[in-house]
Amino acid sequence: LCPPGVLPLCRRPPAWGRAARQRPGPPLAPCRAFSNNKILVELDESSGVAMMKFKSPPVNSLSLDFLTEFCISLEKLENDRACRGVIFTSAIPKIFSSGLDITEMCGKSTEHYAEFWRAVQEMWLRLYGSNMVTVAAINGSSPAGGCLIALSCDYRIMMENPKFSIGLNEAQLGIVAPFWFKDTFVNVVGHRVAERSLQLGSLHPPPEAHKLGLVDELVPEEKLQEKAAAVMAQWLALPDHARQLTKSMMRKAVLDRLVAHREEDIQNFVSFISKESIQKSLRMYMEMLKKKKS
Amino acid sequence: LCPPGVLPLCRRPPAWGRAARQRPGPPLAPCRAFSNNKILVELDESSGVAMMKFKSPPVNSLSLDFLTEFCISLEKLENDRACRGVIFTSAIPKIFSSGLDITEMCGKSTEHYAEFWRAVQEMWLRLYGSNMVTVAAINGSSPAGGCLIALSCDYRIMMENPKFSIGLNEAQLGIVAPFWFKDTFVNVVGHRVAERSLQLGSLHPPPEAHKLGLVDELVPEEKLQEKAAAVMAQWLALPDHARQLTKSMMRKAVLDRLVAHREEDIQNFVSFISKESIQKSLRMYMEMLKKKKS
Amino acid sequence: LCPPGVLPLCRRPPAWGRAARQRPGPPLAPCRAFSNNKILVELDESSGVAMMKFKSPPVNSLSLDFLTEFCISLEKLENDRACRGVIFTSAIPKIFSSGLDITEMCGKSTEHYAEFWRAVQEMWLRLYGSNMVTVAAINGSSPAGGCLIALSCDYRIMMENPKFSIGLNEAQLGIVAPFWFKDTFVNVVGHRVAERSLQLGSLHPPPEAHKLGLVDELVPEEKLQEKAAAVMAQWLALPDHARQLTKSMMRKAVLDRLVAHREEDIQNFVSFISKESIQKSLRMYMEMLKKKKS
Chain A
70 LCPPGVLPLC RRPPAWGRAA RQRPGPPLAP CRAFSNNKIL VELDESSGVA MMKFKSPPVN
130 SLSLDFLTEF CISLEKLEND RACRGVIFTS AIPKIFSSGL DITEMCGKST EHYAEFWRAV
190 QEMWLRLYGS NMVTVAAING SSPAGGCLIA LSCDYRIMME NPKFSIGLNE AQLGIVAPFW
250 FKDTFVNVVG HRVAERSLQL GSLHPPPEAH KLGLVDELVP EEKLQEKAAA VMAQWLALPD
310 HARQLTKSMM RKAVLDRLVA HREEDIQNFV SFISKESIQK SLRMYMEMLK KKKS
Chain B
70 LCPPGVLPLC RRPPAWGRAA RQRPGPPLAP CRAFSNNKIL VELDESSGVA MMKFKSPPVN
130 SLSLDFLTEF CISLEKLEND RACRGVIFTS AIPKIFSSGL DITEMCGKST EHYAEFWRAV
190 QEMWLRLYGS NMVTVAAING SSPAGGCLIA LSCDYRIMME NPKFSIGLNE AQLGIVAPFW
250 FKDTFVNVVG HRVAERSLQL GSLHPPPEAH KLGLVDELVP EEKLQEKAAA VMAQWLALPD
310 HARQLTKSMM RKAVLDRLVA HREEDIQNFV SFISKESIQK SLRMYMEMLK KKKS
Chain C
70 LCPPGVLPLC RRPPAWGRAA RQRPGPPLAP CRAFSNNKIL VELDESSGVA MMKFKSPPVN
130 SLSLDFLTEF CISLEKLEND RACRGVIFTS AIPKIFSSGL DITEMCGKST EHYAEFWRAV
190 QEMWLRLYGS NMVTVAAING SSPAGGCLIA LSCDYRIMME NPKFSIGLNE AQLGIVAPFW
250 FKDTFVNVVG HRVAERSLQL GSLHPPPEAH KLGLVDELVP EEKLQEKAAA VMAQWLALPD
310 HARQLTKSMM RKAVLDRLVA HREEDIQNFV SFISKESIQK SLRMYMEMLK KKKS
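Residue numbers (my numbering), protein chains in the order written: chain A, 70 to 363; chain B, 70 to 363; chain C, 70 to 363.
Bear in mind the hints are in silico, worked out from the structure with no lab data behind them. It should be emphasised that the depicted structure is a prediction, and the values quoted were computed from it without experimental measurement. A couple of the hints might just be wrong.
Since the list gives no way to pick one copy over another, a pair counts as held whenever it fits inside one copy or between any two copies.
Computed list of lysine-lysine pairs in DSS-like fashion (alpha-carbon distance at most 27 Å, straight line) [as the list claims (entries may be wrong)]:
{"#": "1", "residue 1": "Lys232", "residue 2": "Lys292"}
{"#": "2", "residue 1": "Lys349", "residue 2": "Lys296"}
{"#": "3", "residue 1": "Lys321", "residue 2": "Lys344"}
{"#": "4", "residue 1": "Lys124", "residue 2": "Lys280"}
Take the sequences, apply the hints, and build the full model.
So this is what it looks like as structure tokens:
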């Protein structure tokens, strides 16, 4: 019953804008919060907007635990008709998310690698395909998988701190961003910018990221939350159903591509990451990070 | 006998630039005009350029009658070897075209919806696939289907009046632009701009439309026709055959996609538009328009 | 053993960045040069960078001989583990390359046309799919096939001389750029810019080429070689293997498309170029060029 090529992204029956929250039912508390170990979620029921805060020290790296919590939290909100939009931000200063947790990819079993990669895929499938409005409030650096989270949202606002940077820098580590990271990136910045940035593994400072279209807007530090709320309100002014179908129409081809090749993608990741040369490269990178810290 | 993947767009045998008009035959009048109820066409045979003026008050909405006349007029010109290019503009102040006529989509039979949608498809297939040079001289607001007409031309010039706007604002009405509106839009502005603009159902004022690449040029009101003629002359300086094959190469994939799914697209539209929730949404929108007028 | 959809581009086993040049073996001379009739190659083994200079007077047109030498030279470097990057430039003042040699396409046998076209394809397949870092140092005008060489590199730097221009101007000659010229162009500048530029057969002066993204950077004449070396060093700072896999991921779809339709593409070219109307058009163009010279 949808226009051609358009299917609802998630299993949730589409909510009908503000009207959806006026149907009969038990009275709802004005604000609910739930938290696991690594992610804090606050839902403001008056606006229909949830805030998802990453709080996994030291750098919000995307460990298997983090990814699992992320998917559970997102699914909870997706199925909660009181929630229409999510703002993603970090509870840790200076870092949005450092990306995939390298310790999950180094010196583990192939079974572990496969489980981990499936969780990374799951995170992206749910976020890029979310029915909700998703806004990234990028309050720190955001390399690799951290950048992917931002790229998968509907809108990206970044603090204009010159110490922050964002990009898919996998090539710098001697590894290759998977095709669906690339597809997501191309959808945001176009083929040429993606080709150059991915090959160089570039981490872009805020003004450059803005110029390239990697983020939509830069704001001074103190304005980030206010701006994120204003953007969210603008997107929520649209009727959910039409917006969701439109989003699905734009993203379906790229989502379908991973769904169609998911097991193959896992096999490829496991083979690639298990190679001794890659393991060595990652160990060297971790050594370097340790030295930097001390 | 064409380069790979390149097929002439229309059935007309390609004209060979200016030479095509010098072949023997009865002498031609310097200017011919024909008019139906809703569209006025003037062909200047000395330049090979036709002007197609929309004159369907109050807002040039794309009714079934308008679309039928549009297709007949365009086919006439396509088959007229004296015509190499068409400029589209409005004979009504402040509005280029208000887009699809909502009265055709509201409270009618499913047969009517199917017939109407086939006419919308036909209009786009003929215009986006035209062998002629097509220039939109946008002298008023141009939402939804009006924007599609502009997007389907080879070049877009817009009056820089701050009261005008242009965009695919379907989402604002609770409906979804079909995939081939989206494909046409993406071909002009790229994936990211299209994703955001479609989800928000944005109507862009001229400077923003220009910045996004949705229109190619802004001109002061009094310069529009002069500019359109100059752009047309620039495009007609090229040999028709090579230009036509190149245009076909660029647009064929997107045209073929609708041709391959045309009946399915009609079915989808009819099912979607027949839903009570959508009918209600359109009725509310029409009420709002009526109140605005009075 | 590669991530999904990622295959090494060439047959050469991937080198591992700088480490690749530190393996045991016979000591290497600091600089080697080889030259055929039309191309001069200098390889600086300390940096791993080769300079390929086109020196085929009067205008570096891509004749069958030139293309053959180009492919042999590129393959030599591709298989030379001492070489990681190539800078392409012209040894002839004011012209980078004038593109395909029209004399190869005019008044010859169909067998000759087929052989010539296969050589053009081969040049592009090797260059666009090269494992090495490729930088175009554009020190003169670069129409048609000359522009294709530049577009196929990883990075384009152009002298900002207002007398120079660059573009795929085939339509001006009454011919049509093949689909893989178009695909390469779209990957660099996007669909809209490509559509307009190809239909008009535009030759863009340096500032316009830069604005459209057709070249990445403009430099004053005396800075070109220095800048090319600096850009090359930046790209070579990345580990080769990851960069090569990333490049392949970005370019594979477009390369595969020609590989899949190569014979068909040759047939189409031969049929098209053999047409009397096209031959006439090319003869007129050659006459015009001759008159210009004298």
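Results of checking the hints against the structure:
no., hint, result
1, Lys232 with Lys292, "within (17 Å within a copy, 31 Å between copies)"
2, Lys349 with Lys296, "neither (43 Å within a copy, 34 Å between copies)"
3, Lys321 with Lys344, "between (33 Å within a copy, 23 Å between copies)"
4, Lys124 with Lys280, "neither (29 Å within a copy, 39 Å between copies)"
In summary, the numbered hints that this structure violates are 2 and 4.
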